[in-house]
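Chemist: The whole structure should be built from the sequences, with the hints applied where relevant.
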Amino acid sequence: MSQAPMALKKLLALISGSRSNVDEHLWHADTARDRADWPAASRHYSKVLEQVPRRSDIWVQLGHAEKERGDLDAAKLAYERGRDLAPGNPDPLLQLGHVLRASGDWDGAATNYRAALRLKPSRNQPEVSLELADLARDLREWTTAARLYASVLQSTPERADIWMQLGHSAKESADYDVARTAYEKAIAIDPGDADKHLQRGHLSKLMGNHEAALLAYRKVLELSPGDDRAFREIRSLGSDVHPSALAFGSSAAASLTPAAHPGSLVVCTIASNNYIAQVKTLLEGVRHFYPEARCCVCIVDRDAVLELKSIEGCDVILAAQLGIPDFDSMAFRYDQVELCTAIKPFLLLMLLTELNYDSALYFDPDIQIFGRSEDVLQRLWRDACFLLTPHLHQPALGHVAPTDLTILQAGTYNLGFLGVSSRPEALVWLRWWAHHLVHHCLNRVDEGLFVDQKFFDLVPGFTAGAQILRDPGLNLAYWNLAEHRLTGEGNAWSVDDSDLQFFHFSGFDVDAPRRLSRHTSMFSAVGDSALAKLMDGYRDALIRHGIKTMRSQPYSYGAFASGVSIPRVVRRLFADTVASWASDPFADIEDWMMQPVLVGRQDGRALSAPRLVHYVWSTDPTLRSVFDLDNQGDLLALKTWFVRQAERRFGLEPCVIERAERNFRSIGSLAEADRDGIDRPTLSLVQNQRRPNDPPASVAAVR
Numbered sequence: 000m001s002q003a004p005m006a007l008k009k010l011l012a013l014i015s016g017s018r019s020n021v022d023e024h025l026w027h028a029d030t031a032r033d034r035a036d037w038p039a040a041s042r043h044y045s046k047v048l049e050q051v052p053r054r055s056d057i058w059v060q061l062g063h064a065e066k067e068r069g070d071l072d073a074a075k076l077a078y079e080r081g082r083d084l085a086p087g088n089p090d091p092l093l094q095l096g097h098v099l100r101a102s103g104d105w106d107g108a109a110t111n112y113r114a115a116l117r118l119k120p121s122r123n124q125p126e127v128s129l130e131l132a133d134l135a136r137d138l139r140e141w142t143t144a145a146r147l148y149a150s151v152l153q154s155t156p157e158r159a160d161i162w163m164q165l166g167h168s169a170k171e172s173a174d175y176d177v178a179r180t181a182y183e184k185a186i187a188i189d190p191g192d193a194d195k196h197l198q199r200g201h202l203s204k205l206m207g208n209h210e211a212a213l214l215a216y217r218k219v220l221e222l223s224p225g226d227d228r229a230f231r232e233i234r235s236l237g238s239d240v241h242p243s244a245l246a247f248g249s250s251a252a253a254s255l256t257p258a259a260h261p262g263s264l265v266v267c268t269i270a271s272n273n274y275i276a277q278v279k280t281l282l283e284g285v286r287h288f289y290p291e292a293r294c295c296v297c298i299v300d301r302d303a304v305l306e307l308k309s310i311e312g313c314d315v316i317l318a319a320q321l322g323i324p325d326f327d328s329m330a331f332r333y334d335q336v337e338l339c340t341a342i343k344p345f346l347l348l349m350l351l352t353e354l355n356y357d358s359a360l361y362f363d364p365d366i367q368i369f370g371r372s373e374d375v376l377q378r379l380w381r382d383a384c385f386l387l388t389p390h391l392h393q394p395a396l397g398h399v400a401p402t403d404l405t406i407l408q409a410g411t412y413n414l415g416f417l418g419v420s421s422r423p424e425a426l427v428w429l430r431w432w433a434h435h436l437v438h439h440c441l442n443r444v445d446e447g448l449f450v451d452q453k454f455f456d457l458v459p460g461f462t463a464g465a466q467i468l469r470d471p472g473l474n475l476a477y478w479n480l481a482e483h484r485l486t487g488e489g490n491a492w493s494v495d496d497s498d499l500q501f502f503h504f505s506g507f508d509v510d511a512p513r514r515l516s517r518h519t520s521m522f523s524a525v526g527d528s529a530l531a532k533l534m535d536g537y538r539d540a541l542i543r544h545g546i547k548t549m550r551s552q553p554y555s556y557g558a559f560a561s562g563v564s565i566p567r568v569v570r571r572l573f574a575d576t577v578a579s580w581a582s583d584p585f586a587d588i589e590d591w592m593m594q595p596v597l598v599g600r601q602d603g604r605a606l607s608a609p610r611l612v613h614y615v616w617s618t619d620p621t622l623r624s625v626f627d628l629d630n631q632g633d634l635l636a637l638k639t640w641f642v643r644q645a646e647r648r649f650g651l652e653p654c655v656i657e658r659a660e661r662n663f664r665s666i667g668s669l670a671e672a673d674r675d676g677i678d679r680p681t682l683s684l685v686q687n688q689r690r691p692n693d694p695p696a697s698v699a700a701v702r
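The letter at position 469 of the sequence shown is residue 468 when you use numbering that gives the first Met the number 0, and the numbering goes up by one with no holes.
Nothing false has been slipped in among the hints.
Only pairs whose alpha carbons sit at most 25 angstroms apart, straight line, appear in this in silico DMTMM-like list of lysine to aspartate or glutamate:
no.	residue 1	residue 2
1	204	140
2	218	194
3	638	587
4	547	510
5	46	33
6	547	302
7	547	334
8	204	232
9	218	325
10	204	160
11	46	56
12	46	22
13	184	171
14	218	183
15	204	221
16	218	176
17	218	192
18	184	133
19	532	482
20	218	424
21	218	171
22	204	171
23	184	174
24	638	657
Worth flagging that the hints you see were computed from the coordinates, not collected in a lab.
Modeler: This is the structure:
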């Protein structure tokens, strides 16, 4: 009798010890998993399964560990065992699909994915439901995706992103009522996100409710004034963009001088601090020949030099104060010339709408004024919206730039001068122009873009209010001087039979006083002539206004926050891949461009390179043909090429090149890459074939 209780006690002790052993191994396994020690996790999960071999969830964890170790065959066997033990659970099927896809078995992966989608996750598996929902979305099984997203939202109703996914899936499965409710829920959670209103507009348009669609699209423009998509949708619905929909309010307008009376004129220019001598020379002529006009100078730098602030009758505003949405991204996207030209419509809009000037004359800072143009003022007063000066008055058939071909690339009209009235029609097209220049004021002649000028080729077709001025005395410059005869001296100059009213000294260098412009080999050795006297007078004015010291002023948007200069190729990378940046790009992009991104795979190993290097490779057809990034040897050869060539070809500083050199990696697996936060590049650059090379100097000159 006494032996039975003893045996029972031994059995209970054995069972208790076994459970304790299982719990200990499970604790060690989970701890190893959390610190990504996959061999230890695999070992301890295997120990657990020796004692509890029917635990499906442990087989799945073992599969994860084996997959992360790179043993895809062992992971496959573990997931299959988990699937067999829990035939109603979609998670093992989902994980098995992942490992089969990583092994290249796409058919097997698809079979398991579709089997997983036929099952219903338990309520305590919201992460599995979300993964299955994303999978159904990617497979375009919209009804299943909608069902699964709705299931996830039962436990996480605060997730606006999932409400949006439910809306997309319901819309694609033609369940428009559910889609509308989902989008409205998402907007209620995050009303300031323009994309949510855009999707709501698309749904309304699809349902035939164009009035609701227009309201949604206009809300997008209110939240994100530079949004191309909403602008196109409004135009496609046969509606014009109301001027207020693309308004850009200036934070500094209240501190500037408003129009004193109806018919007031403002003359404005845009420059960085290194061009202040040119600005002061321009303003001398403005004050003499347009004494009734208010002057306004917009400075494209973080602050304006004191020399400008003290000029009587002149307002000074910084580009950052114009109220341009996400201005920091714009300042990083563009180089100095691109940014100075990109803000032109924003400045004009501020002057004509917020300060109520009746008309505005814009002059580039490197223009000198020699006379007053009553015809220009009368045209703006009578009926003109815009006054434009063409680059050429007759064909330029020679072989030395500028020629007909280079002018075609640069734009028909030179926007170093622009007359604008405050008529409503002019404001509409100024906003249209501003909308384009947020992202597309690029010096990329090979893509049909040349800063702000090319867009205005379209404007005379849009409105009869765009008038073309053919007086040779307006905007005379190196690009049209060969067509005309310049005579005179002092301040009395004639062009053919007209008075010279202003000359555009684009590319003039005070240290090369007998060369008219660095942008052309024409007029490169000007002798004793009227042109030589004109150039001497301009040079004297620049020296009098301090060009020798002012031209060395640093461009404050030309460097990262660290002080490292920003080369053109980095701005191109940003322009091609980033629409907007939530924080300060000048502080963040230096690290971001050096982050490794996945570029290839060889023998199951993921290969990475710095984001900037991948961009350079993606945009250069020669590099793409020479270096195969699925080959580690080629990747190392690309690294060697970049280290040797980057300073000379792209102007990268040695410290940047050294960082890039350290960020070429070979990674164990795609899973490890995901764990380490290594991005997959999202560029469509190979199709675009954008190249980080400067345009021909002959084209870049005509500005």
